[in-house]
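Chains as they are written, first to last, in numbering that gives the first Met the number 0: chain A, 0 to 107; chain B, 0 to 328.
In short, the hints are calculated from the structure, not lab data. Watch out, some of these pointers could steer you wrong.
Using C-beta positions, here's what the derived DEER-type ranges look like [to be verified]:
#	chain 1	residue 1	chain 2	residue 2	range
1	B	Met293	A	Lys37	36 to 42 Å
2	B	Pro64	A	Leu103	45 to 51 Å
3	B	Ala10	A	His36	53 to 59 Å
Keeping only pairs whose Cα atoms sit at most 25 Å apart, straight-line, the calculated DSS-like set for lysine-lysine is [unchecked claim]:
#	chain 1	residue 1	chain 2	residue 2
4	B	Lys324	B	Lys297
5	A	Lys38	B	Lys28
6	B	Lys54	A	Lys37
Remember, it's a predicted structure, so these values are computed and weren't measured experimentally. Using N, Cα and C, we set each Cβ at its ideal position, and we do this for glycine too.
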Amino acid sequence: MILETFEGFWSPLVWTAVAVAVTLLALALRSRGRRDHKKGTEQTAPFLSGEAAPDGVHVGGQHLYWGFVEALRPYIERLRAAHTGFVVDYVTWLVVALAGIMLLVLLV
Amino acid sequence: MIVQMIWQSAAVVLGGLLLGLVYKGLDRKLAARMQGRIGPPLRQPFLDVRKLMVKENVVPRDAVPWLFHAAPILALVAAATVLLYLPLGGLAPVLTGRGDLILVLYLLAVPAVAMALGGFAAGTPFSAVGAQREIVMMMSYEFPLAVVVVGIVWRTATLGHSPAFSLAVVSGTPLWSLVGPLGVLGLALLLLCLLVVTPAELSKIPFDIPEAETEIAGGLLVEYSGVNLALFYLADALKTVAMGALVVALFIPYGLAGVFGLEGLVAGIVDVAFFLVKVFAVVFASVTVVRVAMARLKVDQVARGFWIPITTAALAGLVLLILDKAVVG
């Protein structure tokens, strides 16, 4: 079975079969390595550069989100500015974007 | 037919693993020489894998164990299968006709997603921060990479070759000699963008932000050890070969056999050998030299860098190809 578009194609069944084979290879490789570790000791404590790790220490969702916002700040600021809450603004964006795409299609 | 395909697939995956580790060894040796060091022996990556296999496989106490263990396998599976869709020298892809460039782009993204999943599954601060950075990186470099691929495929399609997303078709249609001066300039821009995206795909300096040893102690890999880390290491080796092979397939799919009028088995051997040299040249130029010459960028610099200058350059390359089509036809 091959799924095709005008210029693209792929066979999910073939990929799945190959993926299963490579998974078996990876599991065979894993079985050759050690599987044990010292459970319940300091070995399993989170690595915090030598700092004491209290129970349940983790980075919360809001802090992870802060990381995304900081890394992508210029983009997010533009998005925030564009989100005015007025439907007329959103429809204008849609019309302008569609006009741009149609112009591109006509030119190419 | 199926038996032949199985043998070919096994040969490509195992050969890719060996080649990836050899390239890693060469990369480390040459980087050391450029820094005035002797460097490790070429077989050091093989020794690293062997050593990791005998080390304990530690699972952090707050981890989600099944996801923590599944992530390296997912990374390895995606990196291995992508090789089967790429042309290797004069040889057609093992799974030719069963997957196209779009599939390759998706499969190239999976190891990074798997590493991010593993980082989050570890449930520790450094790994979570590393995983978050990996996702930001992906959001940054995927668009210019897509523009590069679309540019090449679109120009190939305009020349009447179909199906244009087929890697066998793209690598069988070297565009440099088929386009005009504007097209050559556009292709050069796209090649430059892809060479910049390559170290980001491989999380190498200056884009090693998700790992950043001196800052977050290895980031998303900090809690991985033993055989799990070995599997990520092997996935990285495979992905290095895959990225090199992709650049070669898109931009330098030329062989030597035709130049010297060779035929048969000798032609195949010469073209495969030349292909390996080209992949190494790509890895050397876009990974080894760059990581010796540069320091790590900050994550916001990477996002801004890929979204504005690199994407603009890629779009400019695409526009030049469109203009070239209008002029040359």
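Taking 25 Å as the top limit, are the C-alpha atoms of Lys54 of chain B and Lys37 of chain A close enough?
holds, 12 Å
25 Å limit on alpha-carbon distance, applied to hinted pair Lys38 of chain A and Lys28 of chain B
Violated, at about 38 Å.
Take a look at whether the Cβ-Cβ distance between Ala10 of chain B and His36 of chain A falls inside 53 to 59 Å.
violated, 35 Å
When you check the alpha-carbon spacing of Lys324 of chain B and Lys297 of chain B, does it fall within 25 Å?
violated, 39 Å
How does the Cβ-Cβ distance of Met293 of chain B and Lys37 of chain A compare with 36 to 42 Å: does it lie in that range?
holds, 40 Å
Kindly confirm whether 45 to 51 Å is satisfied by the beta carbon distance between Pro64 of chain B and Leu103 of chain A.
This hint holds: roughly 49 Å between Cβ atoms.
Checked against the numbered hints listed earlier, the structure breaks hints 3, 4 and 5; every other hint is satisfied.
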